[in-house]
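Between the sequences and the hints, there should be enough to build the whole structure, so can you do that?
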Amino acid sequence: MRSRRFGAGLVLAVAGCLAAACGGNGGSGGEGTAASGGTDTAAKAVVGVDYPRSDTDFWNSYIQYVPKFAGELGVDLKTTNSQNDVAKLAANVQTQIGQGVKAVVMAPQDTAAVAPTLQQLEGKKIPAVLVDTRPDTGNAFMVVRADNRAYGEKACKFLGEKLQGKGKVVMLEGDLASINGRDRTEAFNDCMKQNYPGITVFGEATKWDGAVAAQKLSTRLTANPDIKGVYMQSSFALAGTLQVLKQRDLLVAPDDPKHVFIVSNDGIPQELKDIAAGNIDATVSQPADLYAKWALSYAQAAAEGKTFQPGKTDHDSTIIEVRPGLLEDQLSAPLVTADGGTYGDISSVKHDDKSLWGNNLS
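Under mature numbering (1 follows the signal peptide of the UniProt record, and there is no 0), the letters of the sequence shown match residues -20 to -1, 1 to 342, in that order.
Please keep in mind that the hints were generated in silico from the structure rather than gathered at the bench. Given the structure is predicted, the values throughout are model-derived calculations rather than measurements. Check each hint, because a few of them may be wrong.
Using 30 Å as the maximum straight-line C-alpha spacing, the simulated BS3-like pairs for lysine-lysine come out as follows [as the list claims (entries may be wrong)]:
| no. | residue 1 | residue 2 |
| --- | --- | --- |
| 1 | Lys208 | Lys330 |
| 2 | Lys142 | Lys105 |
| 3 | Lys68 | Lys58 |
| 4 | Lys187 | Lys142 |
| 5 | Lys226 | Lys208 |
| 6 | Lys187 | Lys208 |
| 7 | Lys253 | Lys238 |
| 8 | Lys48 | Lys104 |
| 9 | Lys142 | Lys238 |
| 10 | Lys226 | Lys148 |
| 11 | Lys226 | Lys187 |
| 12 | Lys187 | Lys68 |
| 13 | Lys330 | Lys148 |
| 14 | Lys104 | Lys68 |
| 15 | Lys105 | Lys48 |
| 16 | Lys238 | Lys208 |
| 17 | Lys187 | Lys146 |
| 18 | Lys173 | Lys187 |
| 19 | Lys253 | Lys330 |
| 20 | Lys238 | Lys226 |
| 21 | Lys292 | Lys330 |
| 22 | Lys48 | Lys292 |
| 23 | Lys330 | Lys146 |
| 24 | Lys48 | Lys68 |
| 25 | Lys238 | Lys173 |
| 26 | Lys208 | Lys173 |
| 27 | Lys292 | Lys82 |
| 28 | Lys104 | Lys58 |
| 29 | Lys253 | Lys148 |
| 30 | Lys142 | Lys330 |
| 31 | Lys58 | Lys48 |
| 32 | Lys173 | Lys146 |
| 33 | Lys105 | Lys334 |
| 34 | Lys226 | Lys58 |
| 35 | Lys48 | Lys253 |
| 36 | Lys58 | Lys187 |
| 37 | Lys82 | Lys48 |
| 38 | Lys148 | Lys187 |
| 39 | Lys334 | Lys142 |
Below is the structure:
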């Protein structure tokens, strides 16, 4: 892959160009030159996008946003869906290579097994942009992601404050084969140990499977009926969790002594509705819209030969170097609550805030 280390002025200038091309507020300026959106080069960019799955509300939302932003950028899309299967992902990328794509956007759910596909793309000098997940090994032009350790910490501090540092909580973990599942799990556990040692955490591996999550939550509640908190690492577990609580007469208002405090993770419209209804108490809004917007923007920039380096961007994020040769743009992902209050040192956004993508999805 080509070097990404030009001056800080160039990264800001390019970021500003991309924001303008996507209909944003414009960039912060800076030195150097960068092509603006709508050029002949940008209009001819052919980008392959592999959707990771279509069985969750979050990823279906992402799938809606991709063609929207592709149209604004003038990107020609070649799309596939790997359906949570890394072998299908590899085959899909091979198909896209045959279609002449100049960059590939993907969101591999197995962050270890994607390495050979990344190596193949690198060998063919086709830049890869990864969304939501970071590869355990291998190179990519850019990873577009939020800080998943911050997800776990925000959930921890919300529950820790609500439970006043005492009691029992269940963490419905994602797939630990994914960097996201590992980051959220480790950060939640570390935060609880450091800040709320009086809270017992029951970790339940679910592999992002809602039925498994519901069954394990039910089993835990049978053995520990005094559980007072649940952290769902994704909205995959939302419907099942609420059904389990309803069956046990625990789906009650937040001011009821029997209430079980729930933090989810995605920011889908249904979560925001459930916060308003008092069914759940918080979520972390994972930016489905910005994942699509900036993944396509970076893919277009890569196809045009632009480069980036670590530092602040003009779209409220920070590019970090997670290891030599791999950059990650960590997008903002706020804690969302009913009251928009502060929990520990974590501020939150109220559930009906119009800045949340979940309140703007048509």
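Evaluation of the provided hints:
As the CA atoms of Lys208 and Lys330 are separated by approximately 23 Å, the hinted pair is consistent with the 30 Å bound. Under the criterion of a C-alpha separation no larger than 30 Å, the hint pairing Lys142 with Lys105 is inconsistent with the structure, at around 51 Å. The straight-line distance between the Cα atoms of Lys68 and Lys58 is roughly 15 Å, inside the 30 Å bound, and the hint therefore holds. For the proposed pair Lys187 and Lys142, the alpha carbon gap of about 27 Å is at most 30 Å, so the pair holds.
A distance of roughly 14 Å separates the Cα atoms of Lys226 and Lys208; the hinted pair therefore holds under the 30 Å criterion. Between Lys187 and Lys208 the alpha-carbon distance is near 23 Å, which keeps this suggested pair within the 30 Å criterion. Restraint check for Lys253 and Lys238: satisfied, since their Cα atoms lie roughly 21 Å apart, inside the 30 Å limit. Straight-line distance between C-alpha atoms of Lys48 and Lys104 comes to about 28 Å, which keeps the hinted pair within the 30 Å bound.
Of the supplied pair hints, the one linking Lys142 and Lys238 holds, its CA atoms being roughly 13 Å apart against a limit of 30 Å. For the given pair, Lys226 sits about 19 Å from Lys148 by alpha-carbon distance, which is consistent with the 30 Å threshold. Taken as a hint, the Lys226 and Lys187 pair is honoured in the structure, with Cα atoms around 23 Å apart against an allowance of 30 Å. Note on Lys187 and Lys68: the hinted pairing holds, with a Cα-Cα distance of about 18 Å set against a maximum of 30 Å.
Using a Cα cut-off of 30 Å, the hinted pair Lys330 and Lys148 holds, with the two alpha carbons roughly 26 Å apart. A distance of roughly 19 Å separates the Cα atoms of Lys104 and Lys68; the hinted pair therefore holds under the 30 Å criterion. Pair hint Lys105 plus Lys48 holds up; C-alpha atoms about 27 Å apart against a cutoff of 30 Å. A hinted pair counts as satisfied when its Cα atoms are at most 30 Å apart, and Lys238 with Lys208 qualifies at roughly 8 Å.
Distance check on the hinted pair: Lys187 and Lys146 sit about 28 Å apart at the alpha-carbon level, within 30 Å; holds. Distance check on the hinted pair: Lys173 and Lys187 sit about 24 Å apart at the alpha-carbon level, within 30 Å; holds. Using a Cα cut-off of 30 Å, the hinted pair Lys253 and Lys330 holds, with the two alpha carbons roughly 12 Å apart. Pair hint Lys238 plus Lys226 holds up; C-alpha atoms about 12 Å apart against a cutoff of 30 Å.
Distance restraint check for Lys292 and Lys330: the Cα-Cα separation of roughly 26 Å lies within the 30 Å cut-off, and the hinted pair is therefore satisfied. Only pairs whose Cα atoms come within 30 Å are accepted, and Lys48 paired with Lys292 is accepted, the gap being roughly 26 Å. At roughly 25 Å between alpha-carbon atoms, Lys330 and Lys146 fall within 30 Å of each other, so this suggested pair holds. For the hint linking Lys48 to Lys68, the alpha-carbon distance of about 25 Å falls within 30 Å, and the restraint holds.
Of the pairs offered as hints, the one joining Lys238 and Lys173 holds, with about 25 Å between alpha carbons and a cut-off of 30 Å not exceeded. About 17 Å separates the Cα atoms of Lys208 and Lys173, which keeps this hinted pair within 30 Å; it holds. Restraint check for Lys292 and Lys82: satisfied, since their Cα atoms lie roughly 27 Å apart, inside the 30 Å limit. For the proposed pair Lys104 and Lys58, the alpha carbon gap of about 18 Å is at most 30 Å, so the pair holds.
Taken as a hint, the Lys253 and Lys148 pair is honoured in the structure, with Cα atoms around 26 Å apart against an allowance of 30 Å. Only pairs whose Cα atoms come within 30 Å are accepted, and Lys142 paired with Lys330 is accepted, the gap being roughly 16 Å. Simply put, Lys58 and Lys48 have alpha-carbon atoms about 14 Å apart, close enough for the 30 Å limit, and the pair holds. Pair hint Lys173 plus Lys146 holds up; C-alpha atoms about 12 Å apart against a cutoff of 30 Å.
Between Lys105 and Lys334 the alpha-carbon distance is near 41 Å, which puts this suggested pair outside the 30 Å criterion. Restraint check: the Cα-Cα separation between Lys226 and Lys58 comes to about 43 Å, which exceeds 30 Å; the hinted pair is violated. Between Lys48 and Lys253, the direct Cα distance comes to roughly 24 Å. Compliance with the 30 Å bound is thereby established for this hinted pair. Between Lys58 and Lys187, the direct Cα distance comes to roughly 29 Å. Compliance with the 30 Å bound is thereby established for this hinted pair.
A threshold of 30 Å between alpha carbons decides the hint, and for Lys82 with Lys48 the separation of about 19 Å falls inside it, so the pair holds. Restraint check for Lys148 and Lys187: satisfied, since their Cα atoms lie roughly 22 Å apart, inside the 30 Å limit. This hinted pair checks out: Lys334 and Lys142 have alpha carbons roughly 25 Å apart, not beyond 30 Å.
When each numbered hint is compared with the structure, violations occur for hints 2, 33, 34.
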